[in-house]
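Novice: Next come the chains, spelled out residue by residue.
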Amino acid sequence: MTREQILTTLRERILAYATSRIGRDPAEDLTQETLLVIEEKYSHLDAVADLVPLSFQILRFKIADYQRRGVRRGEFRTVSPDGLDLADGSEDAQTLLERKELEERLHKAMGKLEGRCRELFRLKLEGMSFREIQTELGAESINTVYTWDLRCRKRLLDLMGGSWESRR
Amino acid sequence: MNIPEAEKLLGGYATGTLTPAERESLLEASLHNQALFEALADEEVLRELLADPAARRRLSATLAPVSETLPGRVVAALWRPFPMAAAAGFAAVAIAVVLMQRPSPVEVAQVFAPPPAVAVETPPPPAVAPRKARSVISRDSRVLRDAKELDQPAPLPPPPPTAGKPASPVVVGALERQDTGKAVFAESLSKEKRQAAADEAPKVREEAIAPFHWEIQRQDGAGVYRGVSNPASDTTVAMRVGESVRLFLEARQAGHLVVALLQAGRPSQEIFTRQVQPGDRVLAPATGSLNSAAGERELVVTLETAEQLRARANSSLRSQAPPAGQVSRETSNPIRIRLKFVD
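In order, the protein sequence lines correspond to chains C and D. Using our numbering, read the first sequence as starting at 1 and increasing by one per residue. Using our numbering, read the second sequence as starting at 1 and increasing by one per residue.
Everything labelled a hint here was simulated from the structure, so no lab data went into it. Just so we're clear, the structure is a prediction, and the values are computed from it rather than from any experiment. Note that the Cβ used here is the ideal one computed from N, Cα and C, for glycine as well. Be a bit skeptical, because a hint or two may be false.
Stated by the list, open to error - Computed, partial: chain D to chain C, Cβ under 7 Å: (1) Thr15; (2) Leu36; (3) Arg56; (4) Gln219; (5) Arg266; (6) Glu307.
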């Protein structure tokens, strides 16, 4: 797929996602903002593996920003692309607080995991690939590991209240 | 890749467990399926958290088997027949000794000579703090997983030469490790050499002790990343187009680590930037691999300590700071790694 094709498809996905989170009208603006940032700051990226995760990061930032400010319809404050520097690595206090909260919730939930799920997540956090995990756990096939992972991920999500984020 | 297959990979996205091919297939599938796209977008908050080596390490410790934590090992070691019997026997002897002791005479006063003055020499702190045995991010971490003892750092490869300058013999000796696994530092130096090292401390140690260890890793046919020869800085490493390649780093100092990717005709891109502590292990990029299209790329790696950052912030360079997203960091230790992808 060309960059143009990717961005065209991405637009629909982003719009639908944002609409489900914050409503149609602000979602339109947020979608446009997101694509603008991608166009102006990341014009050198043209692979799906780069553009899709990038859109997640930008969109998450913009939705969080929108929700924090509680912007009313018609008074949306545009965040200029220069104010959004994902590569900078610096985060605001709110983001750091949310991340700390997530880590604490994860810590509690992971503490309740047992047996294979516990071991599986430990190996994943240590950086093993699914193939290596298959060897480590003695699974018959890699599909077995995928299935375990799917179930364990669901188990962990249930322990977290159904979502990684504490409020939706 | 169909959607049920893609969904099986979902759990590996945030943890960086997927191979580059799996990741690409998953992301491509998400472009064509809204539910999958939204599920991946919801994973973003978790992915961001797990991209932090420190957070990852803490969560991994939560999942460590009880016997592998220090208190657990102590309890496990004690809760065995021999230590228990020995402890019981010792307790019995101690009770008997106490019961058999005669009451000592009452002392009214006693005069002690003042203790002789003791010169306390505090050796300088070691360059590398003891690390926990567990790896943080690297998949190719067999060496680290084998080092089960918490206080026994995993063996490190010998430090690479820095920027073409031979390490000072004074400080090279300081980097050798004893059998106990602890870094030998100033104890091995004579007083004169120690004084000379102290006089030149900032310059000599900065030049001779590389702030981080790095290696280029290439993915083999089994999907495992393995280190290729660690070339000296300022040389070009040849790779084949399409190969999955990444940079592995291990910090030896605390500071702000930045990895920038330079490519002809494109603005520089910071692919990693974060505070690190000694022992932190980093992959750049954090997930997936570097762009392996034909052509040359350069990775510029800098690790700035807090002092260097402050000095830079206070200098006139601050007024000429480059726009966000561009890399122009003048530090004392940039390492440049050139990668050339050929057909």
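Novice: Look at each hint and say if it fits the structure.
Specialist: Hints, verified against the model:
1. Thr15: Cβ of Thr15 of chain D sits 4 Å from chain C, so the hint holds.
2. Leu36: It is violated, given that the least Cβ distance between Leu36 of chain D and chain C is near 9 Å, above 7 Å.
3. Arg56: At about 6 Å, which falls below the 7 Å cut-off, the nearest Cβ of chain C leaves the hint on Arg56 of chain D intact, so it holds.
4. Gln219: violated, 9 Å
5. Arg266: holds, 4 Å
6. Glu307: violated, 19 Å
In this structure, the hints that do not hold are numbers 2, 4 and 6, in rising order.
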